[in-house]
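Assemble the whole structure, with the sequences as input and the hints as a guide.
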Amino acid sequence: MSHLSDVELRVRALESVLVEKGYVEPATIDAIVQTYESEIGPKNGAAVVARSWLDPQFAAWLKRDATAAIASLGFSGRGGEHMVACFNTPEEHNLVVCTLCSCYPWPVLGLPPTWYKSPPYRSRAVMDPRGVLAEFGVALPAETRIRIWDSTSEMRYLVIPMRPAGTEGWSEAELAAIVTRDSMIGTAVVTAEAVRA
Amino acid sequence: MSAPDAASLFRRDAPPFRAPWEAQAFALTVALHDKGLLTWAEWAEALGAEIKAAQARDPASCDDGSDYYLRWLAATETLIARKGIASEAALAARKAAWERATEATPHGQEIVLANDPLGGAG
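If you read the sequences in order, they're chains B and P.
Per this note's numbering, the very first residue in the first sequence carries number 1; after that it's consecutive.
Per this note's numbering, the very first residue in the second sequence carries number 1; after that it's consecutive.
Hints are supplied without guarantee of correctness; some may be wrong.
[To be verified] With a straight-line cut-off of 20 Å between C-alpha atoms, the simulated PhoX-like cross-links for lysine-lysine are:
1) 83(P) to 35(P)
2) 21(B) to 35(P)
3) 83(P) to 21(B)
Bear in mind the hints are in silico, worked out from the structure with no lab data behind them.
As the structure is a prediction and not an experimental result, all values here were calculated from the model.
Dropping the structure here:
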């Protein structure tokens, strides 16, 4: 005798009913899983950040119309229909959250990490952003303002971290390699040591 | 930079899907969206409501985000029932059919709905 858990049975029931009624095809389901498990991820966002560090015109475009600038690098679609790029500066640090559920810019960051979906992050990022950042090991200067961006199904945010000192002359690929997922959510800053240490 | 707190909830991480069913549930919703059967605005509202209801039942229930795809699945079931795509009763009947098919399938063999001794319909 075989065994499936209650939730596995529910998913099988849902899928078989939807397939039978012609709403979804099994091959489509497999393709979607494959895409989000291995093809889409923070590497895409890192490419956007690295380009913006090297190309002031691209950075200006990103500021003006992030959706189009990001699409020009080939990253668009589900969850990226309306993007805003939030540029970190010495005066202002950006932090992204979704207080309602887990809206997240899939085309540039892939699927959200577990903590992004957790209630403590979703509530504390708004109430105590400095405390949350401290837990991530980030201590900002007292004079740096923290701006919170609450994602919605309509609008998704990509944080553009500051380019770290000591990266002068680096190639686009070298720069992209030090841009972490968390730095593009705002729960980390980018350092040059990551790769060259 | 101070040392990250290793005990913090926020340091826990995991691959996007912890089990195949999570990936299946995720992909089904995306496929319904791609077919124009739901909008992301409707989706965010439904998922948000499920998460809120779960927290109301047990405030600590999803603190580590581990039952996130349970909420995801429930939101999909609710939304497709509301839209008349498949009723709660139809899904329950189909689930029972899969359960019978599973019990009738020898261990190690592929579980298919046709193994349901009552015929798999439902």
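Structure-based check of all given hints:
1. 83(P) to 35(P): Cα-Cα ~14 Å, so holds.
2. 21(B) to 35(P): holds (13 Å)
3. 83(P) to 21(B): The given pair, whose Cα atoms are some 14 Å apart, holds under the 20 Å limit.
Comparing the model with each numbered hint stated earlier shows that all of them hold.
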